[in-house]
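Protein chains: 2
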Amino acid sequence: MDVQSYMHGVGRAARAASRELARADTAAKNSALEAMAAAIERDSARLLAANAEDVAEAQRKGLEPALVDRLVLTAKGVASMAQGLREIAQLPDPIGEVSGMAFRPSGIQVGRMRVPLGVIGIIYEARPNVTADAAGLCLKSGNAAILRGGSEAIRCNQAIAKCVREGLDTAGLPEAAVQVIETTDRAAVGELITMRDYVDVIVPRGGKGLIERISAESRIPVIKHLDGVCHVYIDDRADLDKAIRIADNAKTQRYGTCNTMETLLLHVAIAPLALPPLAQIYRDKGVELRGCDRARAIVKTMKPATEEDWYAEYLAPILSVRVVDHLDAAMEHIAVYGSQHTDAIVTEDYSRARRFLREVDSSSVMVNASTRFADGFEYGLGAEIGISTDKLHARGPVGLDGLTSLKYIVLGDGQIRA
Amino acid sequence: MDVQSYMHGVGRAARAASRELARADTAAKNSALEAMAAAIERDSARLLAANAEDVAEAQRKGLEPALVDRLVLTAKGVASMAQGLREIAQLPDPIGEVSGMAFRPSGIQVGRMRVPLGVIGIIYEARPNVTADAAGLCLKSGNAAILRGGSEAIRCNQAIAKCVREGLDTAGLPEAAVQVIETTDRAAVGELITMRDYVDVIVPRGGKGLIERISAESRIPVIKHLDGVCHVYIDDRADLDKAIRIADNAKTQRYGTCNTMETLLLHVAIAPLALPPLAQIYRDKGVELRGCDRARAIVKTMKPATEEDWYAEYLAPILSVRVVDHLDAAMEHIAVYGSQHTDAIVTEDYSRARRFLREVDSSSVMVNASTRFADGFEYGLGAEIGISTDKLHARGPVGLDGLTSLKYIVLGDGQIRA
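If you read the sequences in order, they're chains V and U.
The opening position of the first sequence corresponds to residue 209 in my numbering, with each subsequent residue numbered one higher.
The opening position of the second sequence corresponds to residue 209 in my numbering, with each subsequent residue numbered one higher.
It should be emphasised that the hints constitute simulated quantities derived from the structure, not laboratory data.
This structure is a prediction, so every number in the text was calculated from the model and none was measured.
Check the hints yourself; a few may be wrong.
Since copy identity is lost for identical chains, a pair holds within one copy or between any two.
To be verified - Taking lysine-lysine and the BS3-like style, the derived pairs with C-alpha atoms no more than 30 angstroms apart in a straight line are:
1. K508 with K450
2. K269 with K284
3. K493 with K416
4. K416 with K615
5. K416 with K269
Just chain V, same shape as in the assembly:
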C-alpha cells in the first residue's frame, strides 16, 4: 500500500473514532487511561528491549550523542509514563462543561459547551514518552490522535502503541482513537499535515527546524511553540535579594528549556548593585556572559554582546546582559528582540508591575517570579501538550482545555425570531 492510501486510511479511521470519542463518558476514558498505564507497567521489559534496539540502531547509524541520549528510555522513564497516564485520568474531564448560561431578552438561554477539536495530529522527535503523554491528553479531551514519532524511536513507539490500543479496547473505546503511524517514510508527515478533511489541528513537538518546516508546509492549523527568548528585567525598585534569586534560577535551574532566561535586563541605577553578585554566581556555575558596554563597564570580564546575541535562544550556559535606562527601554527591548514566550519584571513598584503585566505581549508575563514557572504543571493545568507562542486559540502552556473548543448551546421553549 502506498503512503498516501495508508495515511488516508488512518485519517478516515481517526475521523470516525473522533465521533465516538466525543460522546464517550468520563468513566470510559479514565478506565482506558488506567488500563494503558497497567499495560505499560506490565510490558516494561518489552518496552525497554524495543528501546534498546532503537538505541543500538541509532548508534550504528552514527546519530548525534545528544539525540541518542534523548532516545534512551529507562525503567524509571517507563514508570513515569504510566504515572503520567494515571495523573491524566485524575484530571477533571473538560468535555461537556457549560459556562455562561444566561437568559436573553428573547427568552432563550445561551451558554457555551466545551467540546473536543476532533482529530489531532502530533509530530514529534525522538523522545518515546511523548507517545504515551500525547495519547493520554488527546483521549481525555475527547480527541482522536494520529501520532508520528521520530523514526529512530519506531520500535519503542510501536510497543507503547500496543499498550495504548489495549487500554482503549479494555474500555470499549475504538482502537483508532489513538493511531501511531507505522511507517518511517517521511512522506507520511507530508500527508498528515495536508489531510484537511481528516485532521483538525497539528501539534509539532521538537526542535525549531522541525516546527518551522511543519508550520510552513501545513494546510491545517498548527499549535506551535517556536523560540523561547525569555527576559528578566530587574527594575531599580527591585528587592535586590529577590532579583538575584530570580535571575539565578531563571538562567541556571535548567539551561535547555524554552522558559529559561536568555537575556537579563537591568535598570541603570541597580546594575552596579545587582550585576557583581550575579556575575559571581554565574561564574561559579560556568555561565558565559555577553554584555552591552554599560554592563561590561561593571563586570570587566564580560564578553561584548553582538546584535545577534539579543535575538539568541542559547539553550546553553550563555546569557546576554543589557543595561537600560528605564522600564520603557526594557519593554522596547523585549518587544523588538523577544519571542513573546515568557518575560518577567522584578520590582516592588506597583505601577511599573501593572504596566509590565499589561503591556508586555508575551504568552506568560510575570512579576517577581522565575520564568522557569511557565509550565503546564506549575500553572495547574495538570499536564501540557506543549507551549504555544501563537496568539490564536491557545497561548502559553497548552493543557486539556487547549485541545478543546467551545460551541454555543441555546435552550428555548418554542422561541422564534421576531
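Position chain U against the provided structure of chain V, taking the given hints into account.
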C-alpha cells in the same frame, strides 16, 4: 509606488499602531468611537454622494442588480452606522480582563489576562457599513485593522475612512489604527493575506467564493464562515405547536441568511401530523419543498430531493425535507450533510435534548428555538464581526472576545523553581 511596497507600508504602520492601541485606555477608545459616529453623521451627505458615484459606476459597468442593491447606502444606513459605533462604545472593554487568578502550591498566583490579537485584516465585499462596523470592533478590542472593501465601494469606503481617522485623531490615537486600503488593485489582497510579519488574523466577509479563495491562499490564520446548511429536527416527542412555529420561522423569517434552516428532518411518527400544516404554511409563503420518498408520500405535491439537495445551502425559498426513523438517524444526517453551523431539535424529551446538545458538533446547537437566533446580537455579544464555522480559536458568532487572546500572568514574591 508598487502595491507590495504600499501594502508593506500599511502593514508596518498597523503593527506600530497595534502596540499603542493595546495599551490605550477604555476612555480613549470610546471617545474615538463617539467622535467617529459624530463625524459620520455630520458627513452624511458627503457619504451618500460618494456612494451615489459608486452605484452609478457599478451600474455603468453592468454589475449584477443584487450586488448593486447591496452597495446602496441610504440616509438610514448612515444613521445606523453611527448608531452601531455608539453601541460598540457602550460595550464593556474586554481588554485587560483577568480571570482564574489562583494561588499554586509554589506560592505564585496564576491567571489569564485578555489581550488584543494585534493586527486584523478584513476583506469584504460591497456593503460599505462593514467599514464602520469592523473599524469599531477592532478598535474596541485593541486591535489595529487593515480593511479591504470591495472595489465597487471605494469612494464611499474612503469617505467613511476619513471619518474614522478623524475620530482616532480626536481621541489622540494613531490614525494607522484603522487603515482602509486605497487601491482597488487585487494584488493588494494577495499581499494582505501573506504579510505574516504584520498581520495576525484575516477575517473574510462575503460570498463563499471569496472566503474559499482567501482561506486557500492565506498564509495567515483565517477566522471564517463557509456554509450555513442548518437543520431543524422535529422529534416524535415534540410539542407540535412549537415544532410548527420553529420550522416556519427558521425557514421563512429571512431566506438569505446563513442561520436559515435549509433542511427539515422529521421523526417518522410525527411527520404525518407536522408535515401537512407546515406544507400549507410554506406553500402560502412560496417556499418550494424537495423531499425524500416518505415525505412525498405525505405531501404529494413535494418534488423529489436529490443527493445534492441535502448538501445545499439554498439561501432562497427552497427547503429539503427528510423523514428519519429516530434521533440517531437525524444526528447522522446532520453529521454527514451539515456544515457545523447551527442545528436545532424540537422535543419535550429530556434525554434526547441532552444527547442532541452534546453530540451534534455544530457551532450552535439548540433545543426548542429557531436557528435564526444564531447571531451576535441575539446571543448578547453586542455586535459581531462574523460567524465562525471553524473550531479553532473562535466558533459561532464572533464578537469582541473573538478578536482577543488570553495570556498568562504570574504574580510572585520572589518565588523560584525548585
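Outcome of the hint check:
1. K508 with K450: within (24 angstroms within a copy, 82 angstroms between copies)
2. K269 with K284: within (26 angstroms within a copy, 75 angstroms between copies)
3. K493 with K416: Answer is within: at 27 angstroms inside a copy they meet the 30 angstroms cutoff, but 60 angstroms across does not.
4. K416 with K615: between (33 angstroms within a copy, 22 angstroms between copies)
5. K416 with K269: For K416 and K269, the Cα distance is within 30 angstroms only inside one copy (23 angstroms; across copies 51 angstroms).
Violated hints: none; the structure is consistent with every hint.
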